[in-house]
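Protein chains in written order, with numbering that gives the first Met the number 0: chain A, 0 to 662; chain C, 0 to 176.
Keep in mind that the hints were calculated from the coordinates and are not lab data. Even for Gly, the Cβ is constructed at its ideal location relative to N, Cα and C. Incorrect hints may have been included.
Restraint ranges, calculated between C-beta atoms of paired labels, are given here [to be verified]:
1. C:P83 with A:S76: 23 to 29 Å
2. C:D106 with A:V147: 47 to 53 Å
3. A:F7 with C:D106: 55 to 61 Å
4. C:V23 with A:A440: 51 to 57 Å
5. A:V398 with C:G93: 48 to 54 Å
6. C:S92 with A:L84: 37 to 43 Å
7. A:M391 with C:W5: 31 to 37 Å
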Amino acid sequence: MINEIGHFALVLALCVSALQMVVPLVGAARGDAALTAWARPAAIAQFLFIATAFFALMHAYAVSDFSLANVAANSSSMKPLLFKLSGVWSNHEGSMLLWVFILALFGAAVAVFGRNLPPSLRARVLSVQAMIGFGFLLFILLTSNPFVRLFPVPAEGAGLNPILEDRGLAFHPPCLYLGYVGFSISFCFAIAALIEGRVDPAWARWVRPWTLAAWCALTTGIAMGSWWSYYTLGWGGWWFWDPVENASFMPWLVGTALLHSAIVVEKRDTLKTWTILLAIITFSLSLIGTFLVRSGVLTSVHAFASDPRRGVFILLLLGAYTGGALLLFAWRAPQLVGGGLFAPISREGGLLLNNLLLTTAAATVFLGTLYPLFLDVVAHQRVSVGPPFYAMTFVPIMVPLLIAMAVGPMLPWKRGDLLAALSHLKWAFLATAAAAIVVLAIAGVRSIGAACGLALAAWLLIGTAVELAERVHLFGEPLASVFRRARRLPRSAWGMTFAHAGMAVVIAGITGSTAWTEERIVNGKPGQSFDIAGYTIKLDAVNEVQGPDFTATQADMRLLRDGTEIAALHPEKRFYPVENGAATGVAIRTNMVSDIYAVIGDPDGKGGYVLRLYYNPLVPWIWLGAAFMALGGLVSLSDRRHRVGAPARRARPVADAGVQAAE
Amino acid sequence: MARRGWLYVVPIVVFALLAGGFYVGLGRDTMVLPSPLIDKPAPQFSLPPLAEGESGFSTSDLRGHVSLVNTFASWCAPCRAEHPVLNHLARSSGVAIYGIDYKDKPDAARAWIAALGNPYVRIGADDGRVGIDWGVYGVPETFIVDRTGRIRYKHVGPLTEDDVTATILPLLAKLGR
Numbered sequence: 000m001i002n003e004i005g006h007f008a009l010v011l012a013l014c015v016s017a018l019q020m021v022v023p024l025v026g027a028a029r030g031d032a033a034l035t036a037w038a039r040p041a042a043i044a045q046f047l048f049i050a051t052a053f054f055a056l057m058h059a060y061a062v063s064d065f066s067l068a069n070v071a072a073n074s075s076s077m078k079p080l081l082f083k084l085s086g087v088w089s090n091h092e093g094s095m096l097l098w099v100f101i102l103a104l105f106g107a108a109v110a111v112f113g114r115n116l117p118p119s120l121r122a123r124v125l126s127v128q129a130m131i132g133f134g135f136l137l138f139i140l141l142t143s144n145p146f147v148r149l150f151p152v153p154a155e156g157a158g159l160n161p162i163l164e165d166r167g168l169a170f171h172p173p174c175l176y177l178g179y180v181g182f183s184i185s186f187c188f189a190i191a192a193l194i195e196g197r198v199d200p201a202w203a204r205w206v207r208p209w210t211l212a213a214w215c216a217l218t219t220g221i222a223m224g225s226w227w228s229y230y231t232l233g234w235g236g237w238w239f240w241d242p243v244e245n246a247s248f249m250p251w252l253v254g255t256a257l258l259h260s261a262i263v264v265e266k267r268d269t270l271k272t273w274t275i276l277l278a279i280i281t282f283s284l285s286l287i288g289t290f291l292v293r294s295g296v297l298t299s300v301h302a303f304a305s306d307p308r309r310g311v312f313i314l315l316l317l318g319a320y321t322g323g324a325l326l327l328f329a330w331r332a333p334q335l336v337g338g339g340l341f342a343p344i345s346r347e348g349g350l351l352l353n354n355l356l357l358t359t360a361a362a363t364v365f366l367g368t369l370y371p372l373f374l375d376v377v378a379h380q381r382v383s384v385g386p387p388f389y390a391m392t393f394v395p396i397m398v399p400l401l402i403a404m405a406v407g408p409m410l411p412w413k414r415g416d417l418l419a420a421l422s423h424l425k426w427a428f429l430a431t432a433a434a435a436i437v438v439l440a441i442a443g444v445r446s447i448g449a450a451c452g453l454a455l456a457a458w459l460l461i462g463t464a465v466e467l468a469e470r471v472h473l474f475g476e477p478l479a480s481v482f483r484r485a486r487r488l489p490r491s492a493w494g495m496t497f498a499h500a501g502m503a504v505v506i507a508g509i510t511g512s513t514a515w516t517e518e519r520i521v522n523g524k525p526g527q528s529f530d531i532a533g534y535t536i537k538l539d540a541v542n543e544v545q546g547p548d549f550t551a552t553q554a555d556m557r558l559l560r561d562g563t564e565i566a567a568l569h570p571e572k573r574f575y576p577v578e579n580g581a582a583t584g585v586a587i588r589t590n591m592v593s594d595i596y597a598v599i600g601d602p603d604g605k606g607g608y609v610l611r612l613y614y615n616p617l618v619p620w621i622w623l624g625a626a627f628m629a630l631g632g633l634v635s636l637s638d639r640r641h642r643v644g645a646p647a648r649r650a651r652p653v654a655d656a657g658v659q660a661a662e
Numbered sequence: 000m001a002r003r004g005w006l007y008v009v010p011i012v013v014f015a016l017l018a019g020g021f022y023v024g025l026g027r028d029t030m031v032l033p034s035p036l037i038d039k040p041a042p043q044f045s046l047p048p049l050a051e052g053e054s055g056f057s058t059s060d061l062r063g064h065v066s067l068v069n070t071f072a073s074w075c076a077p078c079r080a081e082h083p084v085l086n087h088l089a090r091s092s093g094v095a096i097y098g099i100d101y102k103d104k105p106d107a108a109r110a111w112i113a114a115l116g117n118p119y120v121r122i123g124a125d126d127g128r129v130g131i132d133w134g135v136y137g138v139p140e141t142f143i144v145d146r147t148g149r150i151r152y153k154h155v156g157p158l159t160e161d162d163v164t165a166t167i168l169p170l171l172a173k174l175g176r
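Based on the provided sequences and hints, a complete structural model is requested.
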């Protein structure tokens with residue numbers, strides 16, 4: 000019964016979204032307040048229906064109702080409850096339902112929290128959002144219905160792919176989708192602005208918190224995904240430039256650019272068409288990511304069930320949304336009036352440079368991801384693009400970006416003096432040189448790459464700190480007044496400081512893990528010890544243990560330093576009988592500066608086991624830094640100006656002025 | 000400010016090309032690729048081993064029995080997806096699988112083998128030249144060589160269990176290893 004209600008709710012949501020995409024749009028065009036007012040209740044109703052469907056499916060997973068084909072194929076009654084629930088989005092149908100659930104959640108959020116928006120803009124935003132919802136609901140109902148029944152009902156389900164059965168991964172897709180789908184709001188605002196023919200600082204201020212929220216979620220989602228591959232794939236690696244990883248990284252890069260260009264629109268009323276284009280591209284890349292992952296046009300380690308028919312459908316949706324948006328852009332964008340001019344050396348110029356480098360970086364990743372596909376289509380040749388390509392193309396783009404990241408915030412708006420800004424950064428220069436020299440002195444001349452990486456990280460970290468110090472007049476005034484200034488600093492400024500500092504920490508982590516990872520692969524018998532990076536790992540025993548739905552070969556290891564025991568390590572190799580699959584349980588001991596990482600492999604048949612032992616210096620900083628970046632986003636999101644009432648929109652036509660005053 | 004209207008049309012044109020490419024890409028079969036080498040003798044080559052002291056891989060190894068030649072690299076994500084299939088094939092069918100480690104660092108390849116298991120009888124380290132002789136476009140690719148040393152089949156992209164049961168095993172049976 001609950002399943003039928005879920006299915007029915009999904010159909011109702013489709014009907015509501017059909018109304019929501021037409022009625023408010025007509026109302027806004029005609030200036031009919033009654034029709035315009037449809038947008039809010041429709042968005043909320045659509046959300047409630049989709050939520051009903053989503054929780055119906057969750058219920059089916061929770062009670063292991065194998066009469067649903069989707070549950071039977073992706074769950075089993077032996078799973079712990081958490082993994083039963085996360086099974087909802089471990090498969091194509093369920094994850095698409097999560098996708099529209101989050102889409103509707105954002106729509107409802109705009110309806111509820113968007114009180115300060117002019118009614119016509121809100122109606123258009125929600126209308127465009129309903130168009131996206133309509134397409135994806137149709138997609139679910141026609142090609143990927145999670146409520147399809149199965150008869151006869153099997154006694155047990157086929158289970159979940161063991162490597163997906165993980166606490167971190169349970170929350171990774173929702174986070175990622177919050178990011179992907181969150182960018183749909185920026186997209187809808189961009190389309191609404193194109194329809195209205197009007198982009199101004201007030202618009203930028205409305206769109207920014209949504210972009211920021213999506214960005215925080217995406218940052219967290221990507222970091223979680225990378226962390227997951229670090230501790231479950233058992234390889235010591237944390238990023239593989241795999242098409243599916245790239246699919247999440249491209250919207251992040253362009254979304255980061257959007258976040259910065261929206262500042263320029265808000266503060267200086269310029270770079271408008273560019274910002275609109277970025278908003279369209281960011282969400283389009285999210286859609287392209289969905290297409291790449293779901294259609295099977297690319298081969299990837301993240302093998303999702305793929306189906307060409309679904310691929311064609313998603314491609315049609317992509318064509319309608321991105322194609323439609325870009326057509327509208329070509330038609331309406333030339334009419335948007337540009338705002339203030341600025342000199343190349345200025346805050347605007349710095350942010351523009353940031354934008355150019357970030358979009359170029361995204362284009363590089365895009366090329367690397369899609370080149371194999373297009374070469375095949377055009378020349379019928381097959382190639383694989385691997386990490387060497389990205390090392391040669393992506394890294395050289397990031398270096399100037401990181402250098403500029405410390406300088407940009409020091410420049411004033413409109414017209415700046417580069418030499419003056421650089422002279423403020425003298426401490427950062429010293430720190431950079433010191434970092435490089437220390438690394439070379441300790442690690443030797445061969446670590447020149449690592450020295451450059453850590454020097455860059457130091458430059459960015461100290462540069463960011465100097466900027467903050469200057470804002471609060473540290474060193475110039477008594478401490479009490481410094482504290483007062485720090486308290487009064489807008490949250491968005493603190494947000495930037497956190498995020499930029501977080502980036503510096505990430506860079507240090509990436510550098511350390513690339514340059515100094517040590518790895519030993521040995522055939523070990525119980526009783527033997529192995530040395531790695533000044534630590535000793537002693538293998539005491541190997542036992543068979545029983546988990547909730549798996550059996551495992553588990554090693555008892557002790558981690559010793561100078562003869563004293565620091566930690567016990569229990570890497571295991573798990574076997575899942577229901578799914579007939581295996582997964583690696585990595586043992587990691589971290590001190591937040593470096594990780595000792597141990598994996599047990601196959602037995603050699605003579606009492607020994609293949610052991611892989613890694614020393615991964617600075618790796619924890621990658622996620623620590625990413626957490627700082629997301630935190631920076633959240634702090635900035637809490638800025639007063641996003642919460643306090645409506646920013647006054649400059650009254651342009653006289654007729655509008657009455658509406659403005661009435662709000 | 001002079002308006003350069005055509006600039007605003009660029010995004011939609013680029014997107015149209017992209018979408019066209021996607022559409023054509025969707026229809027294609029990712030796994031079939033004709034090779035001019037089919038039914039020709041395998042090229043002459045001699046590859047060094049991944050580690051000193053092990054034996055390398057050369058043309059003469061392929062004589063006298065039906066074998067599978069698989070190109071792979073530790074940097075190649077699809078190869079990682081394919082690897083369990085090869086392990087299973089080697090264990091269940093007993094066919095001799097030879098590996099060509101394509102444009103890879105020997106250390107990385109050794110670590111990869113140690114981690115994921117070794118389905119190969121012998122592995123040769125190739126800097127790319129032997130791959131050209133075999134007509135390798137990208138990794139992974141898998142060839143079936145008969146007992147006279149002729150290439151009889153080429154599979155592009157990762158092998159799946161379905162490929163193995165539908166194509167590889169019947170062909171191996173036909174060639175009568």
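Checking each numbered hint in turn, tell me which of them this model violates, lowest number first.
none
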